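So the chains spell out like this:
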Amino acid sequence: METAKKKLQIALYWGAACGGCDVAVLDTNEFILDVAALADIRLWPIAIDGKYKDVEAMEDGELDLVLFNGAVRNSENEHIAKLLRRKSKVMVAFGSCAHIGGIPGLANQVTKEEILDRAYLNNPSIEPGNRTVPLPESHVEAGSLEIPYVYKRVYKLDDIVPIDYYVPGCPPLPAQIKNVLVAVATGNLPARGSVVGAGHRTVCDDCKRTRNERKIKKFYRPWQIIQQPDTCLLEQGIVCAGSATRSGCGVRCPNSNMPCRGCYGPAPNVKDQGAKIVSAVASIVDSKDPAEIDRILEDIPDIMGYAYRFGLAASMLQRRI
Amino acid sequence: MANGFEPKIVGFLCNWCSYTGADLAGTSRIKYATNLRVIRTMCSARIDPTFILKALLEGADGVLICGCHPGDCHYVEGNYKAMRRFPLLKRLLDAYGIENERVQLEWVSASEGRRFAEVVDRMTEQIKALGPCKVRTALDFDMAER
Chain A
0 METAKKKLQI ALYWGAACGG CDVAVLDTNE FILDVAALAD IRLWPIAIDG
50 KYKDVEAMED GELDLVLFNG AVRNSENEHI AKLLRRKSKV MVAFGSCAHI
100 GGIPGLANQV TKEEILDRAY LNNPSIEPGN RTVPLPESHV EAGSLEIPYV
150 YKRVYKLDDI VPIDYYVPGC PPLPAQIKNV LVAVATGNLP ARGSVVGAGH
200 RTVCDDCKRT RNERKIKKFY RPWQIIQQPD TCLLEQGIVC AGSATRSGCG
250 VRCPNSNMPC RGCYGPAPNV KDQGAKIVSA VASIVDSKDP AEIDRILEDI
300 PDIMGYAYRF GLAASMLQRR I
Chain B
0 MANGFEPKIV GFLCNWCSYT GADLAGTSRI KYATNLRVIR TMCSARIDPT
50 FILKALLEGA DGVLICGCHP GDCHYVEGNY KAMRRFPLLK RLLDAYGIEN
100 ERVQLEWVSA SEGRRFAEVV DRMTEQIKAL GPCKVRTALD FDMAER
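First to last, the protein sequences are chains A and B. If you're matching positions, the first sequence starts at 0 in numbering that gives the first Met the number 0 and goes up one per residue. If you're matching positions, the second sequence starts at 0 in numbering that gives the first Met the number 0 and goes up one per residue.
Check each hint, because a few of them may be wrong.
DSSO-like mimics (lysine-lysine), calculated; alpha carbons at most 27 Å apart, straight line [to be verified]: (1) A/Lys287 - B/Lys133; (2) B/Lys133 - A/Lys88; (3) A/Lys151 - B/Lys30; (4) B/Lys30 - A/Lys111; (5) A/Lys217 - B/Lys53; (6) B/Lys53 - A/Lys151; (7) A/Lys217 - B/Lys30; (8) B/Lys7 - A/Lys81; (9) A/Lys216 - A/Lys287; (10) A/Lys207 - A/Lys151; (11) A/Lys111 - A/Lys5; (12) B/Lys7 - A/Lys270; (13) B/Lys7 - B/Lys127; (14) A/Lys214 - B/Lys89; (15) A/Lys111 - B/Lys127; (16) B/Lys30 - A/Lys270; (17) A/Lys111 - B/Lys89; (18) A/Lys216 - B/Lys89; (19) A/Lys6 - A/Lys111; (20) B/Lys127 - B/Lys30.
To spell it out: a stretch of chain B is covered by chain A in this simulated footprint if at least three of its residues, at any positions, have a beta carbon under 8 Å from a beta carbon of chain A; those stretches are [stated by the list, open to error]: (21) 5-13; (22) 57-66; (23) 70-83; (24) 115-121.
Rather than coming from a laboratory, the hints here were simulated on the basis of the structure. Bear in mind the structure is a predicted one, so any value in this text is a computation, not a measurement. We put the CB at the ideal spot given by N, CA and C, even for glycine.
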């Protein structure tokens, strides 16, 4: 084994995800060629061939790095998460879904039955009377066919397997992805369990917009108001998650005149992102009259969507009971 | 609900009015339900919504928030912050499926020992009728069975 230095063995996988994280890896542009030179990519369903049985045939710990994006939504996600955990030295929860549940986590507001009903039975685009729903097992002439079964709720990755590092973002910034790959390649890794490829403050701390005293008589959705380009969005009545959200994204959304959605997850020491957003948003309402306060807060539709757009599965209560 | 269910209610009481009001209930020897576990905070504005979620997660069946009456805050405006956060927090809790009566906000002054006792009695009865809060058991169930 004293011959040429072994190439890094890596795998990328997606659970319940949209594919955006995989695209973000490709967005590192020509750097991906350096990765290919530096590493053997053993499994990456979206981009290259590679079979589960090849992974199963590996020695335990054979993979140096696994970047797992996506939440855990069904039995296949869990099976592969556990398999890759066993085969890898370093496993990274990559992107918001793996880190904190992501957009799929919003499904924790409804039951599995409600979802299946809406998607397959009672929906304007479904032929009336359709009774076809996916079943974990179905019997055909040739024998029985199995597909993964959907879980009752969405889990973040570290509910299922122990995770070494977290890379937040929906999707993570290409520059941050590079840093992570270089860190693994050089062995220059931070303390296990830490969030890497992100900052240690809030998005507000990095935001260039000026902040004055905040007093809100009316909340607006971004399209309902001509905004001041240099002033804090929350101060203008646009609900922004920046104050409760981890920095490191480069303040991309507020810089593009959109409020922060919270994809980098709770800021350090924030235990529940949504509770902090509720606290920050409500306390700036400019009224001392309970009825008026109610009226002003009614301008905010779908509070769960604002408070936990990405983090419901990682919130304290995790789901509707 | 099964007989003998004694709810655990966490009470966050502001130092200046409500905690003193609770003290008055005690020194006046007013009898009231023993289900409230009191945590003193300096102001009702200090009560972060996180505290309420955490209390429910750790097994509280209800949470009572008490502060000075509007206009009487020791820090002038603190209780208005609590007043503003409460309706949005309630919407969040409603979306989580937490029943309305489980989390309540009441203004109790330092002279309202009697009222404090009544508030605790009333809330205890309401939560007894609701039964135990299911948050903890639901999450334990999630980890045991997918």
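A quick look at each hint next to the structure:
At roughly 34 Å between alpha-carbon atoms, A/Lys287 and B/Lys133 are farther apart than 27 Å, so this suggested pair is violated. Of the supplied pair hints, the one linking B/Lys133 and A/Lys88 is violated, its CA atoms being roughly 38 Å apart against a limit of 27 Å. Restraint check for A/Lys151 and B/Lys30: not satisfied, since their Cα atoms lie roughly 46 Å apart, outside the 27 Å limit. At most 27 Å may separate the alpha-carbon atoms for a hinted pair to count; B/Lys30 and A/Lys111 exceed this at roughly 47 Å.
This hinted pair does not check out: A/Lys217 and B/Lys53 have alpha carbons roughly 30 Å apart, beyond 27 Å. As the CA atoms of B/Lys53 and A/Lys151 are separated by approximately 23 Å, the hinted pair is consistent with the 27 Å bound. Distance check on the hinted pair: A/Lys217 and B/Lys30 sit about 45 Å apart at the alpha-carbon level, beyond 27 Å; violated. Taking the CA atoms of B/Lys7 and A/Lys81, the gap is near 38 Å; set against the 27 Å cutoff, the hint is violated.
Note on A/Lys216 and A/Lys287: the hinted pairing holds, with a Cα-Cα distance of about 11 Å set against a maximum of 27 Å. Note on A/Lys207 and A/Lys151: the hinted pairing is violated, with a Cα-Cα distance of about 42 Å set against a maximum of 27 Å. Between A/Lys111 and A/Lys5, the direct Cα distance comes to roughly 46 Å. Violation of the 27 Å bound is thereby established for this hinted pair. For the hint linking B/Lys7 to A/Lys270, the alpha-carbon distance of about 23 Å falls within 27 Å, and the restraint holds.
Between B/Lys7 and B/Lys127, the direct Cα distance comes to roughly 10 Å. Compliance with the 27 Å bound is thereby established for this hinted pair. In summary, the hint linking A/Lys214 to B/Lys89 is supported, as the alpha carbons are separated by about 21 Å, within the 27 Å threshold. A threshold of 27 Å between alpha carbons decides the hint, and for A/Lys111 with B/Lys127 the separation of about 30 Å lies outside it, so the pair is violated. For the hint pairing B/Lys30 with A/Lys270, the CA-to-CA distance comes to about 37 Å; that exceeds 27 Å, so the pair is violated.
A threshold of 27 Å between alpha carbons decides the hint, and for A/Lys111 with B/Lys89 the separation of about 25 Å falls inside it, so the pair holds. Of the supplied pair hints, the one linking A/Lys216 and B/Lys89 holds, its CA atoms being roughly 20 Å apart against a limit of 27 Å. Between A/Lys6 and A/Lys111 the alpha-carbon distance is near 43 Å, which puts this suggested pair outside the 27 Å criterion. Pair hint B/Lys127 plus B/Lys30 holds up; C-alpha atoms about 18 Å apart against a cutoff of 27 Å.
Against chain A, the stretch 5-13 of chain B contributes 0 residues with a C-beta closer than 8 Å to a partner C-beta. That does not satisfy the three-residue criterion, and the hint is violated. Closer than 8 Å: that is the beta-carbon criterion, and the stretch 57-66 of chain B has 0 residues meeting it against chain A, so the requirement of 3 is violated. A stretch counts as covered by a chain when three or more of its residues have a beta carbon under 8 Å from one of that chain; for the stretch 70-83 of chain B and chain A the count is 4, and the coverage holds. Taking a C-beta to C-beta cut-off of 8 Å, the stretch 115-121 of chain B contributes 0 residues in contact with chain A, too few for the three needed, and the coverage statement is violated.
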